[in-house]
Structures are given as C-alpha cells and as structure tokens.
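So the sequence lines, in the order shown, correspond to chains A and B. At position 85 of the first sequence the residue is numbered 85 (the numbering used here), and the sequence of numbers has no breaks. At position 41 of the second sequence the residue is numbered 41 (the numbering used here), and the sequence of numbers has no breaks.
Simulated from the structure, these hints should not be mistaken for laboratory data. Wrong hints could be hidden among the right ones.
Unchecked claim - Computed, partial: chain A to chain B, Cβ under 10 Å:
| hint | residue |
| --- | --- |
| 1 | T227 |
| 2 | R233 |
| 3 | V273 |
| 4 | S378 |
| 5 | H379 |
| 6 | A382 |
| 7 | A402 |
| 8 | D403 |
| 9 | P406 |
The beta carbon of each residue, even a glycine, is placed where N, CA and C say it ideally should be.
There are 2 protein chains.
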Amino acid sequence: MLESARILSRCDELALCSELPGGLTRVFLSPEQRAASELILGWMREARMSARVDAIGNVVGRYEGDRPGLPCLMLGSHLDTVRDAGRYDGMLGVVTAIECVHALAAAGKRLPFAIEVVGFGDEEGVRFGATLLGSRAIAGTFDAATLVAKDRDGVTLAEAMRSYGLEPERIGEAARRKDEVLAYAELHIEQGPVLEAEGLPVGVVTAINGFSRRRVTLKGEAGHSGTVPMGLRRDALTAAAECVLAVESVARSEPELVGTVGRIEASPGAINVIPGEVRFTLDVRAPHDSLRESALAQMLSRFESICAPRRVAVSVEVLQDHGVSVCADWLMAQMDRAVAAEGLRVRRLPSGAGHDGMAMHALTDIAMLFVRCKGGISHNPAESITEEDAAVGARVFARFIADFVPQKP
Amino acid sequence: MLESARILSRCDELALCSELPGGLTRVFLSPEQRAASELILGWMREARMSARVDAIGNVVGRYEGDRPGLPCLMLGSHLDTVRDAGRYDGMLGVVTAIECVHALAAAGKRLPFAIEVVGFGDEEGVRFGATLLGSRAIAGTFDAATLVAKDRDGVTLAEAMRSYGLEPERIGEAARRKDEVLAYAELHIEQGPVLEAEGLPVGVVTAINGFSRRRVTLKGEAGHSGTVPMGLRRDALTAAAECVLAVESVARSEPELVGTVGRIEASPGAINVIPGEVRFTLDVRAPHDSLRESALAQMLSRFESICAPRRVAVSVEVLQDHGVSVCADWLMAQMDRAVAAEGLRVRRLPSGAGHDGMAMHALTDIAMLFVRCKGGISHNPAESITEEDAAVGARVFARFIADFVPQKP
C-alpha cells in the first residue's frame, strides 16, 4: 500500500533539516545533509533495502530482485536545496521512490531486476558553484578539478568531504558500471505551470532541455530627447525593443521552444537622453538541439536585420551552451502506459529546468515523471503540491516500476 | 574685450569637475558641483561681481548698475550635466555671461540696470528626477514636495541639501521678487541641427517646446526562464518592448513631435528569470501643447491595449507636464537687433530642448540666443562648438546687454 500521507509527512520531516531557521536551506556535505541522510537511510531500511552512503555522500539503497546481484533500475532525485527553498524539489522524488519499494516489500514482491534508490547529495550546486556533483560521481563523469572549488567560507570540496568522513581520493568508487544499471527514472515536481494549466496531475518528460545563453550589446548614438528628430535618431533602446519582440516571436513559433530576455540595461539611462547603448541577456531552451540552434541563429540574424537600418551595431558574447538530454523512447513508452493505466491522459512535456538525469544520461537511458505543482512555483518557500497529486504520482511511478521491462540488449 | 579663447578654456576647466573619469557627469549637490561652483564664484569675482551660493545651491553673481540696488537683467544657464555629457550644454551660457560682464567691468562701464549672472545648480534633473530645481527656486515656484524625492542611493533632496551645507527650510530665500528682475536672457548651444544646416552661427529662440514626462510601471509575473511556456508567460519586458515601439511610432507621425524612452529597468533582472516587472520613463515634446497632449494620450492608450492581452498591468505616474514657454516679443526684437548689428541674418527658431527659461517665465519675460553646435549633437561627449561661433555668440550677447532697454511698465 502506497501511503501518500507518509510521502508528504516525510517531505515535511526532511524540511526540518535546515540551516535556515523557519525556512529550508540544505547544502552539500553540511550537518543538515547528514541529518537528512540519516532519515533516508532509516526509511530505506524500513523498506527492506540495504542502505549506505557512497564515496561522494549520496545515499544509496538497494532492493534485490528475484535473485541477488541483478542489474538495477535506478530511481532517485536530490537531497540538497537552493537557499530558502521549497520542500518538494528533489525530496519528493527520493521519498516517493522509497515509498514504492516499501509497498513492494510489504507485499513480499520481488521483481526480475534489482531496484536502487539514490538520494543525490548535490544537484543544485549551491555550495561549490558546480552542479550535479552527486549524479556525476555515479555516472563516472565527476571532474576531479572540482575538488578544489571553494564554498563561500573558502572551504574546498575536498576538505568538506574529509570533514564529512569521506575520502576524496576514493571518489571513483561511487561510479557505477553501465552493465549494473538498466535505466534511470526520476519523479520530480514540474516547476512549471503546464500540468496545472491542463488540469493534469502528472506528465511524462521527453527531454531535459538544452540551453544557450548570450549577452547582446547594441550600440547606437546618445542624443537629446528634445532636439533630435525621430528620423535622425540611432536609438539603441528602440532597436533592443524590436530584438526582444523578435526573441519572443521566434520562441513562439515552436511550442517547445522558449526564449527569454531577463536582464536589460540602457545607457546613459536618463529620462531626457536617447539611449546610445543597450545590453541585454538572451536565454534560449529547447528539447532538440537543432531546434535551439536554429532558433538562436534566427534570433541573432533578426537582430542584425533590425539594427542595420537603424544604424545600430550588434555584438554578441557567448556565455554558455548545453545540449539536450533526451529521455529514451522505450522508457517514455513504458511511462506513458503507467500513466494511461491510472486512467489519466498522457501528456508529454519537456523539462525546462535542469535535473540529475542530465548527468545520469552519460551512464544509462533516462526517464522522468513530472508531478503538478501549484502555480508552477519552485525554488521558493511557496512551492506546493497536493496530497492527491503525490498519491497519483506514486501510483504511476510504482506501476512503471512493477511493469518495467529492460530494453533488449 | 571679450576673449573667446577664455570662454572655451573655462568650459574645459569646468568639464574636469566630473564624477565620471575621462568623461563628464556632474549632478546636483555633488562634490563635483561644489568644485564647479568654486570656479564660477572665482570668475565672477574676477569680473568684479559680488558672488554667492543661494539657498538651493545656485551660484549668483551681481554687477551693480550705475547706482546700487537697481533691478537687474538676469543672465544665466545651468551647471549640472546629464550622465556622460558634453561640456557646453549649460556651461557655455554661464561662462559667456560672465565674460560679457568681465568686458564691461574691464572697460569700467556701468549700465542703467544691474546685471545678475546665475549658474543654476539643477536643470537636467538627473539626480532627483525633477528638473529645473535651481530656476524654480529663483522663480518662487519650487515645489516643497520635491524635498522628499530620492536619488538612486535613496538619499532625499532634503538630505542632500543638508550634506551640501544648505537648509531645506530656508529654500524660499532663493526666490526673487518680480520687481527685482527686468528680464531673463540665456545663451545656449542649439542642441539641434537647424543653424548648422543654414550656415548660421546664432539664432533667436521663439519658444521652448512643451514636454510631458511619465514613469510607467508594467507588472506581469516572474517565472523560470526554462519552465514557463511562451503562451503562459506574463512577461513585463516583452510588453514594455511593444510600448517602446508604440512611443516611437506615434512620435514619428508628426515631424515636430518627439517621444523617448530613456530609462528602463527589468526585475528581478536575472538571466534565467522572466521579468515580472519593468519600469520605464517617457518623455514627449512638441511645439504646440495640443499636439503633445494628443500624442501622449495616444501612447498611453496604446500601452493599455498592448498590455491587456498580455495580462500585464500598466500604471502611469505623472512626473512633469510643461506647456510651451513663449519668448517675449519685445526681448526677441532687441535680440534680433543685436544679431543684425553683427552683420548676421536673423533666424528665429523654437527650442526642442527644455531650458531654465521655462521656470524663469513665471518670474519675468524671457529671451534666448542659440549658438550653432556640431551636427546638432548634445547630451553626448561629442558635443562641440567652434571658437569662432563662441566669439560671435558672445559679441551678440554683449551687444544685447549693452543696448538692453527695459520694457516700459
């Protein structure tokens, strides 16, 4: 029996492991993480899993299949949080996975594969500025250079590991072999408004979107707002306004594409001066790299054709590019069936936010199930889900696990 | 003897009183204003004027007439600048007026009226967002509500005055009586392209265009740039971009109309967050009040129709409205004669920029003489005039002063 009330009460209990009084902040390798890990280890053992902390501080529980030593279906999410976080981002996935195993164990069921549940120690990257440290270690893509990254108190990752009782030189032991893992599946709150808008409790993730980030500078000519006739102006802000709308228009041309100008500054920035220079940021995301790349190219080309007749110069600085992490078709098909079997409409949607699957993708095929959250709000204490949605999510996830068929090699 | 080289070198010297290294920014009640004021006080005294800083921080020099205590012809311009300014806007008028008095004093001449030269502390309104503070104080129209206006560091005008050594409660002492002032005349660079296009060094101003200024706030909803689909966004910046283009489009509909968005800020202002709020300024000017008023109404109505379908709320704060300030016929006639006496064609033209005369108009009749500037460029470090034009301007202005006949009461 899946107990949704227990899922929520465990999220509440984890939320008390916080360095922020009255709120939730829990960073990698902190005393709060140790406290949260102790709770998770206990719940895993209660669900008849063998449970341990691995070489980088992830909590790993294992429920054997119908004979010992079988390759596993790996489930998980992260236990660290952003600062002043909500209580479901990450934790809901770990607690729900344990609940699913708990139900199997209570029914005395063993499956033709093992199940492992991982509570990743670091996904958000708050403490050391590098994200996905827990899942990278398991995927075998941990970059040793990160060991010298410092937190805001000047403590390196290596030092923090030692204080936590871990040995940085043994970090490679956290890495798993490809033949040990059949697939990775994660349940997570959506952190966006799509499911709520469509009245659906869950959705099947198609991909963790890739993203491109640019800084754009437009240079025109400053001038007096009262004396320069409209026809003689080289206004960098009216040019930027057209660019912002071009980003929106290109991004609207494909339902799964998003494009955002989040920062803008106009110089000199006085009420009576025509802006001579404008700088703005661009963030473009899509579930297909080709879509993102062609959208970005279109946007940049639109910037040029907007600015040329305005005699405004465009320059573009590359900040970041990250390719898409696609969920596996065969896993999505099985997740779809689990959703449909609960009598729900199957809604596939990409994930705009990053997740541990981005790292796990290097080790094995990945799948994700999104659970509706209130107002799409996340990374915020106002993050909220209903017990009913937690229950639906757990039922779908449990069915996906029970009916899981590994891909033919 | 008028020394045009000294006029230019003094403008250069004032340009060094700047908070912007390698450029010119000097705002109201700043240490740079104090440094500029010290220079002006010295030059005034050198021209045998009594000189003082008045209750709001204007520099005021007085050259008595053929007997002490006569009403004055008031001359002046402003000493503050926009950000990253040119060195003639304002300063040329103050320095030329001092030069004219210097020549009178050197020749031992006294006129049948006193002359006062004012270097206004604030005309541009950069620091507190309210313009003409210096001339309003002298005209007796200073609005005490402005004392609580804050600069971008949260310092109020009242606090800034106290730090500067002034007492806000005594601001009324800066106001002059109508019977003390016969007229106000100002020499200023044109800041526009008309005189250059016609090959004329100077022109006689007919009126200062009216203007309307607004602060517009758009409220949408912030969200994760990766998770909120385009169709569900309430992006305040894309709405603002459409508004900026609407301002441009309405302003382009009439040749004498101009409209400018000079400042814009998007919040929270992170590369990965959809802007939930945008604030921008609006500046609309025209030579006829009815044209300006109808253009402004059109713009604000376009803002509403742009923002409504985007589910973005618009609020508009009135910052300033100022009708057209007409120059007095009797003063223009005397200025015309001074121009013609120098062998120049008389060209009358309106001013697209605002000037201290707009405030002085409440106290006395006003006149202005424009001096050609290169390319019509102003509010820009590229602002430039020739020494020859500075000399012509000074000669015409000196002649206007020497031949000035007060209006019969």
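Original post:
Of the hints stated earlier, which fail here?
Top reply: Structure breaks hints 6, 7, 8, 9.
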